[in-house]
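Read top to bottom, the protein sequences are chains U and L.
For the first sequence, our numbering begins at 554 and goes up steadily by one.
For the second sequence, our numbering begins at -11 and goes up steadily by one.
Calculated from the structure, these hints are not laboratory results.
Quantities reported herein were computed from a predicted structural model and do not represent experimental measurements.
Ideal placement from N, C-alpha and C gives every residue a C-beta, glycine not left out.
A hint or two may mislead.
Unchecked claim - Covered stretches of chain L (in silico footprint by chain U; criterion: 3 or more residues with CB under 8 Å from a CB of chain U, positions within the stretch not fixed):
1. 25 to 36
2. 91 to 98
Claimed, not checked - Label-pair ranges, simulated between beta-carbon atoms:
3. L:Lys3 / U:Ser623: 46 to 56 Å
4. L:Arg88 / U:Arg594: 19 to 29 Å
5. U:Gly606 / L:Leu100: 42 to 52 Å
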Amino acid sequence: AQSVTQPDARVTVSEGASLQLRCKYSYSGTPYLFWYVQYPRQGLQLLLKYYSGDPVVQGVNGFEAEFSKSNSSFHLRKASVHWSDSAVYFCVLRRAGNYKYVFGAGTRLKVIA
Amino acid sequence: NAGVIQTPRHKVTGKGQEATLWCEPISGHSAVFWYRQTIVQGLEFLTYFRNQAPIDDSGMPKERFSAQMPNQSHSTLKIQSTQPQDSAVYLCASSSFDERLFFGHGTKLSVL
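This is chain L alone, in the form it adopts within the complex (with noise of 0.2 Å):
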């Protein structure tokens, strides 16, 4: 059991450029969240997906930011014309039917 994988470990874009951060989940577990983490506002949700279906985006920037889950081995979560502000560490995790979370290390977006 690899846990769950996220790719790549470092990422930097320059201002207006895209980003597209991957996650492949525990094989076997129904769920997978996205979060944002940063020194200034913590944790942060924002987004869920059940048997690969969105369920709640609650905390997606609405315009530049998109989650998908095309199959039960991955997620991506892209941004769109990246900005300083969307500099953070994006956490990954997944959970199974006893809803304890698995974390991943981690994508640390730089954005110049």
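For reference, chain U alone in the conformation it holds in the complex (with noise of 0.2 Å):
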């Protein structure tokens, strides 16, 4: 069976600073990856997917993540974060075949100034 794992349920950071939310991945195959992202009183939105090709893959607002095989990872990445990024976010697995996705417990980020 395959998992997602965020080890971080929360993370600070400083405005402008730079972040990285972790993603692991429990899956034999060759999975497809995505991050979303839950901001306040808002609905999940997708900020950037895998399904195979270049591992680093770029998604909205600066936001790129990096896949690695190796590692069975998919961390998020941002070089300067702003205040309006402060939201949940959920990395997913979903495999070749098979329309359900599984989903991180999510990663709280605050963002402070």
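Take the two lone chains, each set in its own frame, and fit them into one complex as the hints suggest.
Structure representation (structure tokens):
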């Protein structure tokens, strides 16, 4: 069975600092990987997705993520965070041929001045 | 494009009452998903329809939960004899051919 682990439940960073949110997955095949964000009082929105090819994928609002098959990871990064990035971020896995998306527990990001 | 529409936004029921939650997927999307979100359990998959047919309901509690998709424009999640542990935010999502999920704002169910 596949699973997604986000080891950091909460992360606090200063505005303008760089950010990395960690994601580890467990799946023996080739995964489809996503990062979704949930802003306060809003629905979940897609930040970026990885299906294959270049392991570094670019997303919206300056976010990027890097896939590592050897480490079973899909970490999310941003060079300089803004206060508006405060939200809950979910790492999501889906396997080819199966439409069940497996969500990590989420990481709540707080950006402080 | 109004996005995925879920109604009501909030629903309060008494223990033992029935609750019906509605979802209108984005027009043209072939797949509809239901999830439940709680602080303790996080996001849990409930069920999934593709072209209106139920494909996977492995996440649905068997006894009191049911989901239907009678036409392309809406899906319903029905909870019979609601219990306090059913309190959660129920999220509906739909997807298109590229399999990106679009979520609604959710229905917050509170069972007193």
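Evaluated hints:
no.	hint	verdict
1	25 to 36	holds (count 4)
2	91 to 98	holds (count 4)
3	L:Lys3 / U:Ser623: 46 to 56 Å	holds (51 Å)
4	L:Arg88 / U:Arg594: 19 to 29 Å	holds (22 Å)
5	U:Gly606 / L:Leu100: 42 to 52 Å	holds (51 Å)
The structure shown violates none of the earlier numbered hints.
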